[in-house]
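> Residue numbers (my numbering), protein chains in the order written: chain A, 1 to 213; chain B, 214 to 426.
Treat the hints with caution; some may be incorrect.
To be verified - Lysine to aspartate or glutamate pairs mimicking DMTMM-like chemistry, simulated, CA-CA at most 20 Å apart: (1) B:K269 x B:D237; (2) B:K269 x A:E95; (3) B:K416 x B:D388; (4) B:K391 x A:E20; (5) A:K56 x A:E6; (6) B:K269 x A:E196; (7) B:K269 x B:E233; (8) B:K269 x A:D31; (9) B:K391 x B:E409; (10) B:K416 x A:D40; (11) A:K56 x B:D253; (12) B:K269 x A:D175; (13) B:K269 x A:E49; (14) A:K56 x B:D244; (15) A:K178 x B:D254; (16) A:K56 x B:D388; (17) A:K56 x A:E95; (18) A:K56 x B:E250; (19) A:K203 x A:D175; (20) A:K178 x A:E189; (21) A:K56 x B:D312; (22) A:K56 x B:E409.
The set of hints was computed from the structure by calculation and includes no laboratory data.
2 protein chains.
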Amino acid sequence: MWDFAESTVEDVALLRQRYEALTDSVRQLIDATLRTEVGDDVVASAKAEIDAATAKLRSHQRADSLGISVTPDGGTVAWGNVAIGPRNPLAPPLEVVHDSPIRAHFDTRLGAAYEGPPGHLHGGYGALVLDHLLGHVASYGSVDTAVATGTISFRYLRPTRLGPMRAEAEIQDTDGRKIFVTGHLADEEGVSVTAEGVFIALKRAPEDLPERA
Amino acid sequence: MWDFAESTVEDVALLRQRYEALTDSVRQLIDATLRTEVGDDVVASAKAEIDAATAKLRSHQRADSLGISVTPDGGTVAWGNVAIGPRNPLAPPLEVVHDSPIRAHFDTRLGAAYEGPPGHLHGGYGALVLDHLLGHVASYGSVDTAVATGTISFRYLRPTRLGPMRAEAEIQDTDGRKIFVTGHLADEEGVSVTAEGVFIALKRAPEDLPERA
Numbered sequence: 001m002w003d004f005a006e007s008t009v010e011d012v013a014l015l016r017q018r019y020e021a022l023t024d025s026v027r028q029l030i031d032a033t034l035r036t037e038v039g040d041d042v043v044a045s046a047k048a049e050i051d052a053a054t055a056k057l058r059s060h061q062r063a064d065s066l067g068i069s070v071t072p073d074g075g076t077v078a079w080g081n082v083a084i085g086p087r088n089p090l091a092p093p094l095e096v097v098h099d100s101p102i103r104a105h106f107d108t109r110l111g112a113a114y115e116g117p118p119g120h121l122h123g124g125y126g127a128l129v130l131d132h133l134l135g136h137v138a139s140y141g142s143v144d145t146a147v148a149t150g151t152i153s154f155r156y157l158r159p160t161r162l163g164p165m166r167a168e169a170e171i172q173d174t175d176g177r178k179i180f181v182t183g184h185l186a187d188e189e190g191v192s193v194t195a196e197g198v199f200i201a202l203k204r205a206p207e208d209l210p211e212r213a
Numbered sequence: 214m215w216d217f218a219e220s221t222v223e224d225v226a227l228l229r230q231r232y233e234a235l236t237d238s239v240r241q242l243i244d245a246t247l248r249t250e251v252g253d254d255v256v257a258s259a260k261a262e263i264d265a266a267t268a269k270l271r272s273h274q275r276a277d278s279l280g281i282s283v284t285p286d287g288g289t290v291a292w293g294n295v296a297i298g299p300r301n302p303l304a305p306p307l308e309v310v311h312d313s314p315i316r317a318h319f320d321t322r323l324g325a326a327y328e329g330p331p332g333h334l335h336g337g338y339g340a341l342v343l344d345h346l347l348g349h350v351a352s353y354g355s356v357d358t359a360v361a362t363g364t365i366s367f368r369y370l371r372p373t374r375l376g377p378m379r380a381e382a383e384i385q386d387t388d389g390r391k392i393f394v395t396g397h398l399a400d401e402e403g404v405s406v407t408a409e410g411v412f413i414a415l416k417r418a419p420e421d422l423p424e425r426a
């Protein structure tokens with residue numbers, strides 16, 4: 001766990017800046033790796049540089065995954081999250097925007113690295129981003145309450161074209177610990193996938209709370 | 214589209230070998246980027262090497278995503294697929310094994326880059342891999358038939374621990390163009406997510422068929 005105990009808000013911002021720039025470079029490399037048509041010699045030369053960079057970065061690294069940390073200002077960060085993590089090259093990353101306490105959306109652009117059917121988003125990746133957004137809406141504003149996905153269903157109206165896309169989600173109802181959320185994913189031609197989820201609010205045990213600085 | 218028209222089976226195998234080694238190096242770099250704790254100087258030095266490698270690879274690259282190609286032996290490859298693509302650094306990659314014409318599984322190990330809740334797989338990523346496996350089982354053996362996900366539902370029994378995991382899927386029934394498939398994801402403690410999907414068999418239009426070498 002990155003330890004923010006001795007950090008200020010400014011320290012955390014600088015750390016994020018340092019690693020975010022690196023992560024953005026790796027996102028570019030991922031796209032180039034996928035689309036390149038260079039020959040053996042150039043591949044070997046690029047691979048040697050990549051391996052050298054990996055060795056440098058591994059010279060001092062944490063043993064485990066990044067988890068969730070509480071920042072000095074009382075917020076939480078999930079820098080390694082596969083959907084939203086600014087330090088995770090696999091994450092586009094998604095930047096969720098709240099429209100109200102029960103409603104949120106994100107706009108993103110997903111390219112060649114997110115392909116399933118030719119020219120289109122992998123249906124499972126659509127499920128990933130919608131699961132994330134619906135869960136985010138369900139858990140908004142609670143630090144000491146964890147929200148777990150109970151069930152989630154997706155209806156695919158048509159394939160989603162790679163490129164710009166937008167997702168929206170909204171809490172529809174609650175019943176005890178259950179939170180009912182719906183949402184959709186849309187490309188430039190309109191809605192392509194709809195989602196319905198039931199999330200469960202769980203009181204976190206103190207030992208499961210993120211480290212507080 | 215990578216053009217296999219002039220290729221032999223051996224050519225395709227060599228191409229795959231060339232780019233697979235590069236992609237595996239990038240997968241290592243992704244993990245190192247996520248977990249590194251090195252300071253500004255080392256980050257800057259590693260970033261310069263990564264950017265240099267990206268520029269080399271981009272010196273000759275395809276304009277679009279990789280799509281699906283037919284190989285000289287009549288098989289299909291989806292080298293860029295976000296779940297299974299051997300050329301996609303985002304893909305673990307999953308290697309689906311057929312147990313029978315209606316049943317398949319994969320074993321994989323998902324680490325820090327696939328995190329949602331601390332130490333656990335992102336629930337949406339579980340949905341991604343199950344959607345892929347169920348769809349794969351539904352479409353097994355058909356080149357001129359595309360299978361689209363109609364609806365798919367997931368039930369989360371508990372969080373899936375990062376590390377070794379296994380998924381299984383099986384066709385339960387068919388009704389006209391509908392194919393009913395169930396499956397699950399399990400970590401070392403047992404089943405953590407179950408899935409039920411309805412897939413639709415679509416006759417592909419000739420212009421939508423992958424390029425045939």
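> Any of the earlier hints contradicted here, and which numbers?
2, 4, 5, 6, 10, 12, 15, 16, 17, 20, 21, 22
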